Amino acid sequence: MSVIFAVVVVPLTLTVGTLVGLLLSRLGRKMAAFVSSVAILAWATPAVSASVIFVWLADPDGGVVDWFLSKLPTWLGGGAHWAGFSWTNSALPAYALLTVLLVWTGFPFIAVAVLAGLRTIPAELHESAQVDGGGPWQVFWMVTYPILKPIFMVLLLLSIIWDFGVFTQVYIVIGGLANRDEYNLGIYEYSRAFTMPPAYGIASALAFVLTIVLLIVTVGYVRASVRQGAVR
Amino acid sequence: MTTTQLTAGTVRRSPPRRRLTRSRRVRRAVLNLLALLVALLTLFPIFYMVSTAFKPPTEVYSLTPHLLPAHPTLGNFRTVLNGNVIGYPYWTFLRNSLVVTLSAVAASSLIALLAATALARFRFRFRTTYLIMLLIVQMLPQQALVISLYLDFRSLNLLDSLVGLIVVYTAFALPVTIWMLRNFVAAVPRELEEAAAIDGAGPVRIFWRILLPLVAPGLVATSVFAFVFAYNEFIFALTFLSVDAAKFTLPLYVQYFYGRNGANWGAIMAASTLFTIPVMAFFLLLQRRLAAGLVAGALKG
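Same order as they appear, the protein sequences are chains A and B. So the numbering used here is basically just the index in the first sequence, starting at one, shifted up by 361. So the numbering used here is basically just the index in the second sequence, starting at one, shifted up by 246.
Think of the hints as simulated: they come from the structure by calculation, not from any bench. Model, not experiment: these values are computed from the prediction. Where a beta carbon is used, it is the ideal one built from N, C-alpha and C, also for glycine. Be a bit skeptical, because a hint or two may be false.
[What the hints assert, rightly or not] No more than 25 Å apart at the CA atoms, straight line, and that leaves these computed lysine to any residue pairs for SDA-like:
1) A/K510 x B/L377
2) A/K432 x B/L287
3) A/K510 x A/R584
4) A/K432 x B/E305
5) A/K391 x B/L287
6) A/K391 x B/F290
7) A/K391 x B/T267
8) A/K432 x B/S297
9) A/K432 x B/L309
10) A/K432 x B/Y307
11) A/K432 x B/A509
12) A/K432 x B/V284
13) A/K432 x B/T310
[What the hints assert, rightly or not] Negatives, chain A to chain B, calculated, CB over 10 Å:
14) I365
15) V369
16) L430
17) L433
18) P434
19) W443
20) F446
21) A452
22) A457
23) T460
24) G496
25) W498
26) V500
27) Y506
Using the sequences and the hints, build the whole thing.
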């Protein structure tokens, strides 16, 4: 569950964040300031609040998401069967909700970092690429991406670290430790230690596995940092 | 700043071709529209939280949700502040959170300042090793460490106590704060200290009179980081404060309130609003410096 979830959420967050970062770099000053302020609000929302808000948005009675989906025309997948749909009762919808939640909280950081990186690239590079007939897609992959590659690597590793063992959001969205089939690795490990009877040994072993997996990613992160000359 | 200069530059270069400027204007409108859409989608959850907090129960459960409350009420906030649900008013939890957070901020700032000075000013064995260790430690998942720390703190009798949380939060904030502060200390020119030393100031005096005022902006940045971390932290609060509701910090309170009071969304959103607004105000006030600093801090380590 943790692996699949990270595989879905990390690229999604990176893509959305990068797109917003590119968008921000093309806006006028006022609009860019406005959008980044709004993004910072999403970033500043504590994990607990964000989770509670999204559970409320997706609430079967009175939540906005179900209401909106039930009003959508049928060809868009909407319809009355969405009314009263519970997002938190089974694993797949719960993790769909968690995906949206984590992308929402995660993309501002990526966007701001990508924007900061974009500002270091001289405009002439992009212009000359355009003059040479490169479309936006080509310009991004042939010019922007190679230059910002170190930043993307670090952001990728950080996102994996953040999303792989995510705990707080999952804990709140699946409503504590009651629904076993909605566990991810972090929650499973926690539940072994802190539900009766406590199995600290097994839980610690799981914690160890979690740590090792993340340490492998961390090694990549540290190497990227050392290569950027951060350790001096 | 940079964007305006860049766009100004591109616009100035294009005038000879009139049609291009017009298509540029169209593109700009499309971009602005897109930006507005992104902003609205991003803002919506927060906006809806605040809006729900002001809605009376009949509107919260109405079958067609409305953006704004038709009859705004403070009833939800009254429920939260009076503590009808858990037995303690909001102020208890706010006080707990502030005690824990401010103590952790003070402790971690002091320790980090000393450590950062040592790292930036002195060469010693294993210095690089220490720096890399900081990077690694910073990445350790909290939910993996919580079990062993829980057992340790149980034998130390520090469960259900705010002191235990202060210790944990201080320790967890340290790697990042040391790392960030190190850059600020390194940016202070050594000559200033040497000049002070020639004028007869001792090391302690140099530290307090020269270094401290110059790294003050850095201290503000790291304090904000530590503050936000400790104020929002959930796993340790959940694990260490499981029994005594009077000791709950705000995030735990919001979660508990939501768990206990599953259907009263108006009040839950009011609690969540009261918990969230201070952090947001903080971020918006310090936005410029903070965003750049945090990003730089995270990207460099």
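Outcome of the hint check:
no., hint, verdict
1, A/K510 x B/L377, "holds, 24 Å"
2, A/K432 x B/L287, "holds, 18 Å"
3, A/K510 x A/R584, "holds, 14 Å"
4, A/K432 x B/E305, "holds, 19 Å"
5, A/K391 x B/L287, "holds, 18 Å"
6, A/K391 x B/F290, "holds, 20 Å"
7, A/K391 x B/T267, "holds, 20 Å"
8, A/K432 x B/S297, "holds, 22 Å"
9, A/K432 x B/L309, "holds, 12 Å"
10, A/K432 x B/Y307, "holds, 17 Å"
11, A/K432 x B/A509, "holds, 24 Å"
12, A/K432 x B/V284, "holds, 22 Å"
13, A/K432 x B/T310, "holds, 10 Å"
14, I365, "holds, 18 Å"
15, V369, "holds, 19 Å"
16, L430, "holds, 12 Å"
17, L433, "holds, 14 Å"
18, P434, "holds, 17 Å"
19, W443, "holds, 13 Å"
20, F446, "holds, 14 Å"
21, A452, "holds, 19 Å"
22, A457, "holds, 16 Å"
23, T460, "holds, 14 Å"
24, G496, "holds, 14 Å"
25, W498, "holds, 16 Å"
26, V500, "holds, 14 Å"
27, Y506, "holds, 17 Å"
Against the hints set out earlier in the document, no violation occurs for any number.
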